[in-house]
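First residue of the sequence shown? That's 1351 in the working numbering, and the numbers climb one at a time after it.
Zero decoy hints are in this set.
Calculated cross-link-like contacts (lysine-lysine; reagent style BS3-like; alpha-carbon spacing at most 27 Å):
(1) LYS1476 x LYS1578
(2) LYS1574 x LYS1457
(3) LYS1439 x LYS1402
(4) LYS1457 x LYS1402
(5) LYS1439 x LYS1771
(6) LYS1439 x LYS1457
(7) LYS1578 x LYS1457
(8) LYS1457 x LYS1476
(9) LYS1574 x LYS1476
What the hints contain is simulated information worked out from the structure, not anything from laboratory work.
In this text, all values refer to a predicted model and were calculated from it rather than measured experimentally.
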Amino acid sequence: MLPSLLRSPRLVLSLLIAVLAPATARALGSVAEWDELMARHNPDGGVPVVTKNWMPDDDNYAWAAWFWIQGYLSLAQATGEARYMDAAKSVLDHMLANRDDIRFADKPLDRIYYYAPTYYLFHEGKPAPGWRRRYSGAKTHAQVSVLIDGRICEIFLRWCELARRSFPQYEADVARYLDRVHETIEMHQPSFREIDPAGNFGPDSIYTPERPAGGFRHWWHDNKLVDKPTSPEPRIYSGQLPLNHSATMASAMFAYDRLRGTSVYREKVQLVVNYVLNSFDPARPDRAIWQYDPVNPRRHDIEDIGHAAISLPLLQEAYRDGGFGVTAEHMRRLTNTYLGLFDEETGFPHRYIDGTEKPGETPTETYGMRSAACFYGWLWFSQFDPAVLVKARRAYEAYFGDRYSSGFNMGGWANLLYWEKVRDGTAAIPDLAPPLAPASAPSTR
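When you get a sec, could you build the whole thing from the sequences and use the hints?
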């Protein structure tokens, strides 16, 4: 009897999650409880990024550190208290001090770049104004990329925008961060190219080139460090980077323009926005479904919940701006995508944004990815449909709870507490977008 029952994928998922779910998990219902949990996991005080002296080499800054910072920003918005801005700033200052050109300003660069803007491959040993990470764990290899630098610049600028909006005492820090972030953004601009609408996207691509689009490309690189470029002139490969890579850098560019009151990057931002919109599957008009690497003819897997969250802020800010062609209908489709992410019986978030799973993968193998159920970009849609928060809390209460101390989990809880306060009208600094018109009925799923 049991073997026949286990032929049901839904039943297998339910049983597996029941076994793996933390039995002692406790839900967080208030900011005070978040503070208590933070103190329990970090009895020495501070944030692990700083107290444990995390370095960018281990690829922490764009991920766990990013989510710590976003969590603190959410708590600052929830309460209006500057202490959370200070906590986020301590992480940002630590990260800035460890940008390659600052970290190695007075000592030799101790890892060779195999992947970086061409100038820094040609001038071997010169540190770039970006945050390196190891290449496959090798001690002598490092890379500086659009994805990592875009993520880090984006979170610096999120802090700056909240400071500029509600915490004027940090204006000197905003000015300092803007100057540094601009250096990193500019370093990557030579790799930006438009996408050929007649390009070979592959037989399984759902990309439709209705709008002129563009994004960043791979820097030319040599994995074996045998060759180096013959000149410092920018050199790139022909293929576009995956969608989320261009989206996060475009988010940073857009935020930089907003903070400076300029439109230097607006045309490129529009092209990346179009890249995202062109990627939505036209065969599923009720939801926004896209592929991880839409214009790569050799890779057509559906985007996952975690990487999708990286692309969302660009569309959200474009919608808020009103001038990029992102409409209320796009917001409705994205909201429906989130609501369809969860298993109806268990409440657990699926891996892929079309509600499917990777064959043979257990939920705990992708804990960090599935904690994306409470990433800020997804919960932002709760202002259009409160069912978003119901599904998010069910997942976090059942499967994440208070046993995990990572930035993924702690940041997720902070985001959820903030957006619940927005829903209840008690958030000190509500992050609201224009309402959807005509209003759509709340989901019953």
